[in-house]
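Trainee: For the protein sequence lines, the chains are A and B, in the order given.
Counting with UniProt numbering, you get residues 1 to 145 for the letters of the first sequence.
Counting with UniProt numbering, you get residues 1 to 145 for the letters of the second sequence.
Mixed in with the good hints, there may be bad ones.
For chains that are exact copies, the list does not tell them apart, and a pair is met inside one copy or across any two.
Said to hold, decoys possible - Simulated crosslink set (EDC-like; lysine to aspartate or glutamate; CA at most 16 Å straight-line):
(1) Lys-135 to Asp-13
(2) Lys-58 to Asp-42
(3) Lys-6 to Asp-132
(4) Lys-58 to Glu-39
(5) Lys-6 to Glu-129
Don't read these hints as lab results, they were simulated from the structure.
Number of protein chains: 2
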Amino acid sequence: MEMALKEARAAGDRGEVPIGAVVVIDGTAVSVSGNRTRELNDVTAHAEIAAIRMACEKLGQERLACADLYVTLEPCTMCAAAISFARIRRLYYGAEDPKGGAVDNGVRFYAQPTCHHAPEVYSGFNETEAADMLKAFFSGRRDTK
Amino acid sequence: MEMALKEARAAGDRGEVPIGAVVVIDGTAVSVSGNRTRELNDVTAHAEIAAIRMACEKLGQERLACADLYVTLEPCTMCAAAISFARIRRLYYGAEDPKGGAVDNGVRFYAQPTCHHAPEVYSGFNETEAADMLKAFFSGRRDTK
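Take the sequences, apply the hints, and build the full model.
Mentor: Below, the structure is given as C-alpha cells:
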C-alpha cells in the first residue's frame, strides 16, 4: 500500500486525481500506476485499470487469477467490474468512497448476481492518508478557480 | 447499428465475443470497434471501451459530451460506468443481457445515486440479429470443446 500511496502522490503532482494502484503476484509488484486519465485523454485510465492492463500486457495474459490489487481508494463501478473480469484474487483498498465507490458503497457489485467473480476484499489500509491526499487535491483545485 | 453489427461479426470471425460499438458525433462515425479482449490481452477492451478510447484519442479529449454510442449488446457494469464517465449523450443498444448487463438489468447503474451522468437510453435495435450472433458464437465454442 506504500507503493500505491507513492503513485497516488505522483499522480497528484501531475495534476491527476491522486489515486494509485499496484498489482502483486507472489509478493512481487508486477505493475504500478497512478490515475492517468488526463495524461492519456482516457476516462477509463483509472489507476486500477491502468495497473491491470500493464500487468496483463507484461504477462501476455488476459486474466490475473493469482494476483492481488492494492489501491488507495475504494474502486468505482467501472474498476470494480474490471477487477472482477480480471479474476483478481484479493483486493486491498485504502479509503472508502461513498460518492463513487462500488464495493462497500454504491452498487456493491461483488454482492450482485451479475458479478461472476468476486475478489476477497480488505479495506481501511492507510485510509486517513489516502483520503487526506484526495481532500487536499480537490480543496487546492477549488482554491485556484 | 448496421456498422456496429458488422464490427460484431468481424470480432466473432477473429474468435472474440461478437459485440460491436460505434461512437457517432454529428451524424459521423468517429470510431468503430469490436470486442478486442483476446487480441490485446486486455479484459477492459470491450467494444464500447475500445470505441470510446479511440474516439477520445482521435479528438484529443477526455470526454465525449456530444457523442452517441451504438452497441449491439446491453453494456456490462464496467462499460455502463465508462459510458457515464465519458459523458456520452445517448446510448443505443441491441439485445438485452440479463446475465451481465448493467443498464436495464443487473445493477441498473444509470438509476443509482453513485452515477453522476446518465445517457438517454434506447434499446432493441436489431436485437434478434445481435442476440443470434452471440448464441451461435457460444454454441459453436461448446461444440468444439
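Trainee: Taking 16 Å as the upper bound on the Cα-Cα distance, should Lys-6 and Asp-132 be classified as within, between, both, or neither?
Mentor: within (14 Å within a copy, 48 Å between copies)
Trainee: With identical chains treated as interchangeable, where does the CA-CA distance between Lys-6 and Glu-129 reach 16 Å or less: within a copy, between copies, both, or neither?
Mentor: within (11 Å within a copy, 49 Å between copies)
Trainee: If the cutoff is 16 Å on CA atoms, where do Lys-58 and Asp-42 land: within, between, both or neither? Let me know, please.
Mentor: So Lys-58 and Asp-42 pass the 16 Å test across copies only (11 Å; inside, 20 Å).
Trainee: Between the shortest in-copy and the shortest cross-copy C-alpha distance, which are at most 16 Å for Lys-135 and Asp-13: within, between, both, or neither?
Mentor: Within. Shortest intra-copy distance 14 Å satisfies the 16 Å Cα cut-off; inter-copy 48 Å does not.
Trainee: Can you tell me if Lys-58 and Glu-39 fall within 16 Å by alpha carbon in one copy, between copies, both or neither?
Mentor: between (21 Å within a copy, 14 Å between copies)
Checked against the numbered hints above, the structure violates none of them.
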